[in-house]
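Participant: Turn these sequences into a full structure, and let the hints guide you.
Those protein sequences? They're chains A and B, same order as listed. Following the numbering used here, the numbering of the first sequence begins with 17 at its first residue and continues without gaps. Following the numbering used here, the numbering of the second sequence begins with 192 at its first residue and continues without gaps.
In case anyone wonders, no lab produced these hints; they're calculated from the structure. Watch out, some of these pointers could steer you wrong.
Label pairs and their in silico Cβ distance ranges [unchecked claim]:
| no. | chain 1 | residue 1 | chain 2 | residue 2 | range |
| --- | --- | --- | --- | --- | --- |
| 1 | B | ASP498 | A | GLU169 | 49 to 55 angstroms |
| 2 | A | VAL59 | B | ASP735 | 46 to 52 angstroms |
| 3 | A | LYS132 | B | LEU428 | 36 to 42 angstroms |
| 4 | A | LYS132 | B | LEU733 | 51 to 57 angstroms |
| 5 | B | GLU902 | A | PRO18 | 49 to 55 angstroms |
| 6 | A | GLY86 | B | ASN501 | 52 to 58 angstroms |
| 7 | B | PRO901 | A | GLY86 | 44 to 50 angstroms |
| 8 | B | ALA449 | A | GLN31 | 35 to 41 angstroms |
| 9 | B | GLU413 | A | ASN70 | 26 to 32 angstroms |
Using N, Cα and C, we set each Cβ at its ideal position, and we do this for glycine too.
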Amino acid sequence: MPDTISFKLNDKPVQLDVDGNRPLLWVLRTDLGLTGTKYGCGVGFCGSCTVLINQRATRSCLLKIKDVNGKELVTIEGLAQNGKLHPLQKAFMDHDGMQCGFCTPGMILTGVSLLKFNPQPTEKEIHSGLENNFCRCGAHVRIVQAVQQAAAEMKGAI
Amino acid sequence: MTTKDYLALDFTDIRGIEDFYSSNRRDFLKRAGGGIFIFVALNDLLFGQEEAARPRGGRPGLPTDFNAFLKIGEDGHVTCFTGKIEMGQGPITSLPQMLAEELDTPLDTVSIVMGDTDLCPWDQGTFGSMTTRGFGPSLRAAAAEAKGVLLELAADALKVPQTQLVAKDGVISDQQDAKNRITYGQLAKGQTIGRHLQTKPALKDPAQFKIAGQSHTRRDGEDKVTGKAHYSADIRLPGMLYAKILRPPAHGATLKSADTSAAKAVAGVQIVQDGDFVAVLHEFPDVAEDALGKIKAEFDTPAATVDDKNIYDHLTSVAAAARVLKQGGNLDEGQQSAAKKFEQTYLTPYIAHSAMETHAALAQIEGDKATVWASTQNPFGARGEIAQAIGFPAEKVRVITPFVGGGFGGKTFNLQATEAARLAKATGKPVQVMWSREEEFFYDTFRPAAVVKINSGVDAAGKMAFWDYDVYFAGDRGAQQFYTVPNHRTASRGGPANAHPFGTGAWRAPGNSTNTFARESQIDIMAAAAGIDPVEFRLNNLSDPQMIRVLKAAADKFGWTPAKAPSKRGLGVACGIDAGTYVAAIAELAVDTAKGTVQMKRVVCAQDMGVVINPEGATIQLEGCVTMGLGYALTEEIHFKGGQVLDTNYDSYELPLFSWVPKIETVLIENNTTPPQGGGEPSIILMGALLANGVYDATGARLFQLPMTPERVKAALQKV
Chain A
17 MPDTISFKLN DKPVQLDVDG NRPLLWVLRT DLGLTGTKYG CGVGFCGSCT VLINQRATRS
77 CLLKIKDVNG KELVTIEGLA QNGKLHPLQK AFMDHDGMQC GFCTPGMILT GVSLLKFNPQ
137 PTEKEIHSGL ENNFCRCGAH VRIVQAVQQA AAEMKGAI
Chain B
192 MTTKDYLALD FTDIRGIEDF YSSNRRDFLK RAGGGIFIFV ALNDLLFGQE EAARPRGGRP
252 GLPTDFNAFL KIGEDGHVTC FTGKIEMGQG PITSLPQMLA EELDTPLDTV SIVMGDTDLC
312 PWDQGTFGSM TTRGFGPSLR AAAAEAKGVL LELAADALKV PQTQLVAKDG VISDQQDAKN
372 RITYGQLAKG QTIGRHLQTK PALKDPAQFK IAGQSHTRRD GEDKVTGKAH YSADIRLPGM
432 LYAKILRPPA HGATLKSADT SAAKAVAGVQ IVQDGDFVAV LHEFPDVAED ALGKIKAEFD
492 TPAATVDDKN IYDHLTSVAA AARVLKQGGN LDEGQQSAAK KFEQTYLTPY IAHSAMETHA
552 ALAQIEGDKA TVWASTQNPF GARGEIAQAI GFPAEKVRVI TPFVGGGFGG KTFNLQATEA
612 ARLAKATGKP VQVMWSREEE FFYDTFRPAA VVKINSGVDA AGKMAFWDYD VYFAGDRGAQ
672 QFYTVPNHRT ASRGGPANAH PFGTGAWRAP GNSTNTFARE SQIDIMAAAA GIDPVEFRLN
732 NLSDPQMIRV LKAAADKFGW TPAKAPSKRG LGVACGIDAG TYVAAIAELA VDTAKGTVQM
792 KRVVCAQDMG VVINPEGATI QLEGCVTMGL GYALTEEIHF KGGQVLDTNY DSYELPLFSW
852 VPKIETVLIE NNTTPPQGGG EPSIILMGAL LANGVYDATG ARLFQLPMTP ERVKAALQKV
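Facilitator: Structure below.
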């Protein structure tokens, strides 16, 4: 029997009639067509599937769709506001904080969450905040620079 | 045993020439519409580049048809077509830079179509750091010739001699009357002109570069930060199904029985069974996966004989006879003249490519035509594999390559694409296959485990007296040493194709990371025994000016002060050559002797890659190599029992993390006299020896086996 799941997705209300036990990741990628959220390992190690739930970075592969009932969800497609990129998105572009780009959505959303709860992180805090997001291409130094630039630009404002 | 039973030691991983179907130019012109076409013949420029880079026999070589081309649209927009693909290494930026430079058109008027087998010229695949040095010259030649054609047309249109014209920013103008001008778009309008290049075009001197040679950030940056960048598993078609496939527990296992009744009972599930190929399909991938778990399957699994401990003995026992790559002088005389001799064995394990994007493909069959979106480094190879799998002629198969989420040599073969195509054919619907991380670890073509045995010596003056080198199963790349040693022999050995318990293949700078780990460790051992600073020892034994320059550049930038190792400073040095590029690095690291852990604090890497097309892109690749290389040096190793791969996800297979990454400083040597060389792989070769030598300098403990896990570091410390 399908469940009715209601939540806010990228600032818009969504209501789904869906088996509530289905993984959030696959509902996003298939039912909702939001393919910016990536499958990387399926068990929460790599962070490719990271989304924001109530502003906090969360691994969508570990959640069921019913877990987001009543919550606010942001995927990479919803991060830019009114066509204006989030400062961290822009910083990733300025610093070439990506190569293949597959980890990038999860990396950016984890960074946004980090800056939300720690607006002026030290380099060590950036490392530990992003530690469990994997980048195989080795863009790490650029990603750290991008987070630093965004932190400086945002000055705590989200 | 015939030659084909042996592994291709240079890991070119190219399927045969039979994959190549020379494109019919008339068909192509029809497909691509109007505009001026410039076809680049296979000329000595390209041939020389590719052959020089991969001199070994047994490869298919290059097609005798054009290899690169471009289109100038009626609006002046230029489209570059290439069979190369974008997997992060950056040709989406650097190839348009080269084209725009030679054509004299603004970079933002150039777009690029990559890896589409219906639109792009045949290509051998994206590997070997060949895009800039191999494909680049022919692309530049095409652009230079295009400009020549446009100047001829402009001379007619503007009624002035061609010598009076100048091309700039997509406009040709009369130098004596600036108002007398015409754009490339106006010239191209309504015309289709094809010609082969008969003579080698005059390419610009790099000193004249205005677009190439300049740093540009990635052109795909915005798509990648907004989630708009599509990878193969992001393509959606109406009515498509997602497939999950029954896998054996081990390589070599055969399916005895499969009871699919419980899976079939799941609403909306479709089962396809063709012999031992059993797939579950559904409109949602997670439902297909759940249903796959309901299949009761039994397999016959052969007894395991090899594992990650005994594999090195196994490999040396089944190895073929040595193939001497290079020799000179007399080893016996060298032994006699040596004051100190060193005999060592180095071991490197199987490691995974582990791109963040697993293998994925979407196949659609309409009538007699198959279209497959595939995450591949080798679209034309994939086309051949798919055609064979579904019994289609290759020209009826179109492979489209969206963004590829990392490759590193691991997306050269295309099993997932053939699986998707078979299932699309069986179901009549579009089918996506995206491997799970567990499937990715199982079906990876791992970097082969390898053994290197070195026997070497130095004379009383600290000069290398002899060098006797045998590499087993890593491959030839990087095996040949470049020091000045009078008596030397370098040999490589492969073995039967079934020497490995699972598939192996090219892993970023194949062979060279193993060979450089062994060589540069051995050099360090000799330097320490001779009581000479390791940088000085290398310089004393080098005569190649390019290597001397790159090593000195690294030492200067680092602020090297000489000392005999172990100096307790934790400084490591290594140098090498890969893909025509010279690299040298110096690192500072710390060893936690209680835990056995190693933390690199700072690294300086100098690189001489000839002419640099995009310094930003080259620097990024260099940084990426350093970072990725920390993994094979410190943690990455595939554990297995026979054909069973025990590492199935990231709980046991550890990739480099943010906290590992040192301060990375890079030097790109200015060298406009050498054509562009490889950039995507070279510096990764240094990381094993760089860390091993740093650990020795810090502690006096010498590591002969990668990765340098805490257990191995602690074991080595106990021997100090």
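Participant: Could you tell me whether the CB distance from LYS132 (chain A) to LEU733 (chain B) stays inside 51 to 57 angstroms?
Facilitator: Holds, since LYS132 (chain A) and LEU733 (chain B) (Cβ atoms, about 53 angstroms apart) stay within the stated range.
Participant: Between GLU413 (chain B) and ASN70 (chain A), does the C-beta distance stay in 26 to 32 angstroms?
Facilitator: holds, 27 angstroms
Participant: Is 36 to 42 angstroms respected by the C-beta to C-beta distance linking LYS132 (chain A) and LEU428 (chain B)?
Facilitator: About 37 angstroms separates the Cβ atoms of LYS132 (chain A) and LEU428 (chain B), which means 36 to 42 angstroms holds.
Participant: Given the hint of 52 to 58 angstroms, is the C-beta distance from GLY86 (chain A) to ASN501 (chain B) inside that range or not?
Facilitator: holds, 56 angstroms
Participant: Go ahead and decide if the range 49 to 55 angstroms is satisfied by the Cβ distance of GLU902 (chain B) to PRO18 (chain A).
Facilitator: holds, 51 angstroms
Participant: Take a look at whether the Cβ-Cβ distance between VAL59 (chain A) and ASP735 (chain B) falls inside 46 to 52 angstroms.
Facilitator: For ASP735 (chain B) against VAL59 (chain A), whose Cβ atoms are near 49 angstroms apart, the range 46 to 52 angstroms holds.
Participant: Is the hinted range of 44 to 50 angstroms satisfied by the C-beta distance from PRO901 (chain B) to GLY86 (chain A)?
Facilitator: Between PRO901 (chain B) and GLY86 (chain A), where Cβ atoms are some 46 angstroms apart, the hint holds.
Participant: Mind checking the hinted window 49 to 55 angstroms against the Cβ distance between ASP498 (chain B) and GLU169 (chain A)?
Facilitator: holds, 53 angstroms
Participant: Assuming the hint says 35 to 41 angstroms, is it satisfied by the Cβ distance from ALA449 (chain B) to GLN31 (chain A) or not?
Facilitator: holds, 40 angstroms
Checked against the numbered hints given earlier, the structure satisfies every one of them.
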